[in-house]
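Can you build the whole structure from these sequences, using the hints too?
2 protein chains.
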Amino acid sequence: MEKDSVIILSGGMDSVTLLHYRRERIALAVSFYYGANHNEREIECAREQCGILGIEHIVIPLSFMSQYFSSSLLSGAESIPEGHYEDSNMKSTVVPFRNGIMLSVACGLAESRGLKHVMMANHGGDHAIYPDCRAEFVASMSEAMRCGTYDGVTVSAEFTGITKTDIARLGARLGVDYSKTYSCYKGRARHCGKCGTCVERKEAFRDAGLEDPTEYE
Amino acid sequence: MEKDSVIILSGGMDSVTLLHYRRERIALAVSFYYGANHNEREIECAREQCGILGIEHIVIPLSFMSQYFSSSLLSGAESIPEGHYEDSNMKSTVVPFRNGIMLSVACGLAESRGLKHVMMANHGGDHAIYPDCRAEFVASMSEAMRCGTYDGVTVSAEFTGITKTDIARLGARLGVDYSKTYSCYKGRARHCGKCGTCVERKEAFRDAGLEDPTEYE
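If you read the sequences in order, they're chains A and B.
For the first sequence, this note's numbering assigns the number 995 to the initial residue and increments by one for each residue that follows.
For the second sequence, this note's numbering assigns the number 995 to the initial residue and increments by one for each residue that follows.
Any given hint could turn out to be false.
[Claimed, not checked] Under 8 Å between C-beta atoms, here's a sample of chain A residues computed to sit facing chain B:
id, residue
1, Y1062
2, S1064
3, G1102
What the hints contain is simulated information worked out from the structure, not anything from laboratory work.
A virtual CB, placed ideally from N, CA and C, is assigned to each residue, including glycine.
What follows is the structure in structure tokens.
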């Protein structure tokens, strides 16, 4: 199969599953360091997973985001709210237009290397609070990328219509080692088990009927 | 008038004219340092123009572009082709999806500060070789930004339908000091007068019937 894609790889469950699922089409994986509490631990997982699969991995620094953007995700573990994603206080963790920025940079990388697609692992459960994860955002961003490049680069977001539980099931079939993924927004050595992303992670394993390999605090 | 906009300000003729034209609506001007030959001289002009108008100005570093992106604009003065923009060799100066990246970052800044619009000074003459200056790109990017933000941030690109000659006429009416703008892709102390952007600059002053205040080599 032709290697025609760049993937945006955070190092969390979703993008790591997509990395394994589409490994034969992925020429390059890109992680972004934007000063979030959990960035370093996530990126270490991303690097390890790319090493396992023999996929080139680069890290792009976006340090201006922690300097100029407003989000509790950029403000230290103490400011991260606990509870479900759907709760309105989780809105404070939104980093304005983060996916737009990551897709744009990945689009430029794709065009620089003659690749056709940017893969992103946004999924159904993300939509409630994150406007830049919704299907309509992905479609219009893909159209902007197509118009704005010579080669007509597009977004491939295969998980848009499925849930994190579906993703966990897919990953289990593919043999993904989820102990080498990191989600927690607090960014400490072990997952807190209480923030929105930890709650979602736990529920995905439980609802998929899988053992959760995560060490929680 | 309400200050509801961020402007992408390179420090060239076009964006400086837009800065003066819409100064009452602009809360923040943002320049991007991406390692192009002419970035430092451009940004110095951007800073000076914002100082004249009392508008806040920030510079966002995008240093990964010179590391990972392919473009003669990022490769030193010697690699810049000479002649008109329309000529196919000018394509080498395209920085892949640059306007998409700058619009995305400016969109995140706008949402972080409660601003509604991102102003960009792309114009009619740009379209021939730059896909990310065309009206269809601007429209789809604006739609992606609207979908991907809580406040529905949009792009305002008022010069899309006019030429650089029209822009020069507008600037002259507004009293813009074009000696404090920089265009040359070679990035040396004086404009080379021969690269695509210098040729276009000269022609704009000539066709507008204005004196060209630029010192050429």
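- Let me know if the C-beta of S1064 of chain A comes in closer than 8 Å to any C-beta of chain B, holds or violated. 5 Å, holds
- Classify the hint on G1102 of chain A as holds or violated, based on whether any CB of chain B lies nearer than 8 Å to its CB. 4 Å, holds
- Go through the hint on Y1062 of chain A and say holds or violated, using the shortest Cβ distance to chain B against 8 Å. Cβ of Y1062 of chain A sits 6 Å from chain B, so the hint holds.
Violated hints are absent here; each numbered hint is respected by the structure.
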